[in-house]
Amino acid sequence: MTGFSISSSLALIAALLSTAMADGQYRSRPDLAPPRLNITIPATEHVSPGYIFVGPYPGFDGVRAGPEQAAAYIFTNTGDLVWSSLGHFAGWVGNFQAVRYRGKPALQAFQGSLDPFHGHGYGTPILLDDHYQPLALVQTPNHRLISIHEFKIVNEQTALVEIYQPTAMDLGPFGGSSEEQWIVDGVFQEFDIASGKLLFEGHTLDWASPADSVIPLRSGHAFTGANASDAWDYFHINSVDKNDQGDYLVSGRHMNALYKINGSDGSLLWQLGGKKSTISHPDFDFGYQHDARFLNRSVDGSVETISFFDNSARSDRQRTGGVDRLHPHSRARIVEIDHNHNTARELNTFTPPDYLSAPSQGNVQVLENQNVFVNWGQAGAVTEFSPDGTPIFHAYLDSGELAPGVQSYRGFRYEWTGYSSETPAVVAYADGSELSVYASWNGDTVTAAWRFYSQCKTERRRGGVGYETRELGQVARKSFETSLVISINQLRGWSKDCGVFAQAVDASGNILSTSTVISIAYSQPQPASAPAPPSPLKEFGQKALYGWVDL
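Those letters in the sequence shown? Residues -22 to -1, 1 to 529, per mature numbering (1 follows the signal peptide of the UniProt record, and there is no 0), in order.
Hints are all accurate, no fakes.
Below, computed lysine-lysine pairings styled on BS3-like, alpha-carbon distance capped at 25 Å:
| no. | residue 1 | residue 2 |
| --- | --- | --- |
| 1 | K474 | K435 |
| 2 | K175 | K82 |
| 3 | K130 | K82 |
| 4 | K130 | K175 |
In case anyone wonders, no lab produced these hints; they're calculated from the structure.
All chains, please: the whole structure from these sequences, using the hints.
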């Protein structure tokens, strides 16, 4: 539904808290402190066009600091910032990507609260337009609370989401006592965003038996079932996709299985993996997976191709302090299902450059040129592969000692044109004999150059005070922040009453925006060359806030 019921004060508080921890990477925006990508395989000429979309936030391994400012970010292939979402979203941010909504480009993100102990959360997805202004809030019908895992726009107008629904149920057949009577029903919905009309609702309890869970109730590793807040998460729904025939593909992490669901009557069409797989797959296995997607199918529908992120690991730190691994590292998988022979075979597997294992989170994106972009979830890295599996770009989501403390639920590559609704940010310093001016424009992708101007008070011949404006120079834009340094001796009529401003110019020389005139500071702070070491307070706060996770 459109309309905006989320309190803007939450976003303001989040922005103020993050501003207090900014590290001074940008002189014109000292309030911004994005992660510094640690690029270990620079982008080759074969990478797909577009930017990198991620939502870095603090990790779960040990008492490590995460990114200074957990938020949604757009980066270039060199790690240069394009947009920081600070102040635009409230709470934990995930599933950030570029989409189209009703014929127009948009950004989507989940915003809300994260319950890392139980591996889900609650919130309200939001759409922003290409000026980074609110376009729609996505709210489910039937009093359901959207969880963090899935938010997909279908046909540019409907939303596909998943819901963790605590349900009272007799768990005796599954080993439950009289005090253990709560189970999580994995619910997914498709509904019209503008009207809120419900189009489809599916329930995992209708076609996936709790008896087939790979994490039994008695293990305690998927929670106790003692109450609604600690309901047994037997299935752990973490992705839903829809094909052009109207059917759905659902991932059950705690079933080690993928399910195709009939979009007309909600019945099970097939199951791949798990205890009751209807499709044979003798040549490969997988488990604890995320992000299952339809890719294509044959004309007669007898052959289907899907992709998914094979974690092959899950964190069990809630109870035992260990990690359950089915394979030494996680993988991105592309699988072909042959319904004529009722078999599945692996078409391709993409292995992380450093053999990373992601106990939680992760996704796979097959790009238009058939490159594959992989976000390694809890391992805190992204990779782009050529179709033959060669890594042609790899980066960790922060640099130095912070790398193990950063992760992103999902990550993507998209082409994007953004028009900032803010005015450009400008700051100027006079230091000795030089004037240094810095300009940036958060989210803008159109500016090709910056023109810098001085504006000085002058005495008019007939009395009174006027202003004289002079162009200081034009500099091609090459990064988030552009600077001009000139000698003060080159300036006529220079005094401490002078100010400066900047104009953003596109590739055709058109003026996109003009900053306000700002006064000049007469001392210049030193930029931060590296992230500051985490303080004991930050370490304590991070661990207390996030604990252990199985997302």
